[in-house]
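Colleague: Here is what each chain is made of, one letter per residue.
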Amino acid sequence: MSNLTSHGPNGEVVRLESVSKVYYMGTQSVKAMVDVSISFEEGCFTAIMGPSGSGKSTMLNLLGCLDRPTSGKYFLSGQDVSNMEDNELSAMRLRRLGFIFQSFNLIPQLTVAENIEMPLYYMGWAADESKSRAEQLAAMVGLSERLDHRPAELSGGQQQRVAVARALANDPSVILADEPTGNLDSATGAQIMDLMADLNSQGKTIIMVTHESHIAVYAKRRIHMLDGRIERIEEAA
Amino acid sequence: MLSTRLYRNIRLGIKTLLLHKLRSLLTVLGVVFGVGSVIAMLSVGEGASREALEQIRMLGSNNIIVSSMKPAEDESASTTRTMMSIYGLTYRDEQRIRETIPHVSTTVPVKLVRKNTFLGERQMELRVVGTSPEWFELVSRRVIAGRVLAPRDIEGLSNVCVLTESGARKLLATHSTIGERIRIGLDYFTVIGIVRSETAGGGIQTPDLDIDAYVPISVARTRFGDMVIRMTAGAREAEMVELHQILVEVDSTENVEPVAEALETMLARFHRRRDYRISVPLALLRQAEATRRTFNIVLGSIAGISLLVGGIGIMNIMLASVTERTREIGVRRAIGARRSQIISQFLIETVVLSTVGGVIGISVGAFIPWSISRFAGMPTIVTMWSLVLSLGISMTIGIIFGIYPAMRAAKLDPIVALRHE
Numbered sequence: 001m002s003n004l005t006s007h008g009p010n011g012e013v014v015r016l017e018s019v020s021k022v023y024y025m026g027t028q029s030v031k032a033m034v035d036v037s038i039s040f041e042e043g044c045f046t047a048i049m050g051p052s053g054s055g056k057s058t059m060l061n062l063l064g065c066l067d068r069p070t071s072g073k074y075f076l077s078g079q080d081v082s083n084m085e086d087n088e089l090s091a092m093r094l095r096r097l098g099f100i101f102q103s104f105n106l107i108p109q110l111t112v113a114e115n116i117e118m119p120l121y122y123m124g125w126a127a128d129e130s131k132s133r134a135e136q137l138a139a140m141v142g143l144s145e146r147l148d149h150r151p152a153e154l155s156g157g158q159q160q161r162v163a164v165a166r167a168l169a170n171d172p173s174v175i176l177a178d179e180p181t182g183n184l185d186s187a188t189g190a191q192i193m194d195l196m197a198d199l200n201s202q203g204k205t206i207i208m209v210t211h212e213s214h215i216a217v218y219a220k221r222r223i224h225m226l227d228g229r230i231e232r233i234e235e236a237a
Numbered sequence: 238m239l240s241t242r243l244y245r246n247i248r249l250g251i252k253t254l255l256l257h258k259l260r261s262l263l264t265v266l267g268v269v270f271g272v273g274s275v276i277a278m279l280s281v282g283e284g285a286s287r288e289a290l291e292q293i294r295m296l297g298s299n300n301i302i303v304s305s306m307k308p309a310e311d312e313s314a315s316t317t318r319t320m321m322s323i324y325g326l327t328y329r330d331e332q333r334i335r336e337t338i339p340h341v342s343t344t345v346p347v348k349l350v351r352k353n354t355f356l357g358e359r360q361m362e363l364r365v366v367g368t369s370p371e372w373f374e375l376v377s378r379r380v381i382a383g384r385v386l387a388p389r390d391i392e393g394l395s396n397v398c399v400l401t402e403s404g405a406r407k408l409l410a411t412h413s414t415i416g417e418r419i420r421i422g423l424d425y426f427t428v429i430g431i432v433r434s435e436t437a438g439g440g441i442q443t444p445d446l447d448i449d450a451y452v453p454i455s456v457a458r459t460r461f462g463d464m465v466i467r468m469t470a471g472a473r474e475a476e477m478v479e480l481h482q483i484l485v486e487v488d489s490t491e492n493v494e495p496v497a498e499a500l501e502t503m504l505a506r507f508h509r510r511r512d513y514r515i516s517v518p519l520a521l522l523r524q525a526e527a528t529r530r531t532f533n534i535v536l537g538s539i540a541g542i543s544l545l546v547g548g549i550g551i552m553n554i555m556l557a558s559v560t561e562r563t564r565e566i567g568v569r570r571a572i573g574a575r576r577s578q579i580i581s582q583f584l585i586e587t588v589v590l591s592t593v594g595g596v597i598g599i600s601v602g603a604f605i606p607w608s609i610s611r612f613a614g615m616p617t618i619v620t621m622w623s624l625v626l627s628l629g630i631s632m633t634i635g636i637i638f639g640i641y642p643a644m645r646a647a648k649l650d651p652i653v654a655l656r657h658e
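Chains as they are written, first to last, in my numbering: chain H, 1 to 237; chain E, 238 to 658.
Treat the hints loosely; a few may be bogus.
Stated by the list, open to error - Calculated lysine-lysine pairs in the DSS-like style (CA-CA distance at most 27 Å, straight line):
| # | chain 1 | residue 1 | chain 2 | residue 2 |
| --- | --- | --- | --- | --- |
| 1 | E | 307 | E | 252 |
| 2 | H | 73 | E | 648 |
| 3 | E | 307 | E | 258 |
| 4 | H | 131 | E | 252 |
| 5 | H | 31 | E | 648 |
| 6 | E | 252 | E | 648 |
| 7 | H | 220 | H | 73 |
| 8 | H | 73 | H | 131 |
Keep in mind that the hints were calculated from the coordinates and are not lab data.
It should be emphasised that the depicted structure is a prediction, and the values quoted were computed from it without experimental measurement.
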């Protein structure tokens, strides 16, 4: 899929232009993000860090096209996402994004292969094509033997590998990871991070939210957030 | 492309439902009973009405039956001892009807006498029906053996009789049938034929009982006379009736009602008292059809309530399922499923549930009427349309009761859904 044809001049995939997000709870308003401007280049591996309430989850939701900014603009692969309809947002998620969650979020009644195929199913792929793609991805994350297993029959690390394979199925412009090691022990977590670093070295753009610094060190760039603003940005050497 | 997608969706739905086998089974059961009871009720209704219609049709829809009726005043006067009541239709009536009323194609006189019948030492009481050959055309009876009455029997005053099947069995058992001579009252009759007996119950009067002997009207008139004397508890009761019934055949269906009116007018002029009754099978037929329709609607609606309960069961379980699978919905939405795709996923599950319930319900619904007929002896008819109807209704119920839970699933905010524990 030639999904990287329409992004910006500097090879950027994601750009936020003075994005703010305000939540209203009854009469009170909570400013979750305040005037954030940042861009992410193709092939980057970025960690978004910060204490709870810093706005990092809000940022991930916006980046993931799950939410719309209150003000400001968000460009994903050169397309302005800020004012898209629900169905258009769905289409953006389907074609441009891959998600990896803290709690894996595999569908329990589906096999490993079917979980990996799910994005392809919504994209309308033929069954045999998506099957061979799933096999290929499973091999990539080292789970070729487990294609017909249910998620419940796998270990946490294996489940997260399936989730990674699922996130890769649609060949996304950006992979968004939300605390990908949060539910794993440190050894397994390290394996998952190695896998992600490996993907990044193959050219995948990864944006990851985490509050653990030993996980964040895998990223080349670390964005620290506080009170809805970007506090500072660390670039790895 | 679309159909393979649908096929995959249905497979996924079945797979998901099989994850909770007991729950799905119980939900399906609700629909099974709903559909089953609709079909069973409709078949009972259909059977009952079909039976009534059949009886009426046996009387012939082009026929009008005029019967003698003991007038009310005679009924009360019967306490008076040895009082003779003279009433009813006369031979003249029959002749007048035949000759003067237009559109009348045939009239058949019927004279009913109860007589003891003897064959050797065997004795039984049977109903002697004095009638004309046309009787067998108007009230169609299958001839099992021999022949029915012929015009020459009437003219020749032949002592011949035709028996009904069950009568023949009882009376003639072990004897040869046709040509046997039996004694009816004081006279000997030759059995010339046997006709099939049609058991007609259900309150509709037919000139046909199980055990009948049909004899020529002329013979009945001359041998048995018009007077009947009945001894009841010391009192004697005498009746004088010439004809008990006159069957009138009308040339076409649309003339049945005008002829019935003409009969009414004519008989009213010649009878001082109201000692006759006119019944029009066609009118009864129409009435019975109307009743049948109402009956079926009422029965169907009652059963429909249980189908509704089944539908509510589906909705209940789907709402629970949506809550339980909030995460899954969130994941699917995050991956890029549109709202409409979530709706169709859940709708397919409910439709699968209700359709499976419908199909099983149809077999149950076909079995119940069968067992009702088998063990309770009630006639039932499972019609094709009731099967199609209830399957259609159950699928519709799946959609109606599935749409709300499915919409709820689709409306979930993916962020909230993903956070759901």
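Colleague: In ascending order, which of the hints set out earlier in this document are inconsistent with the structure?
Modeller: Hint check: 1, 3, 8 fail, others pass.
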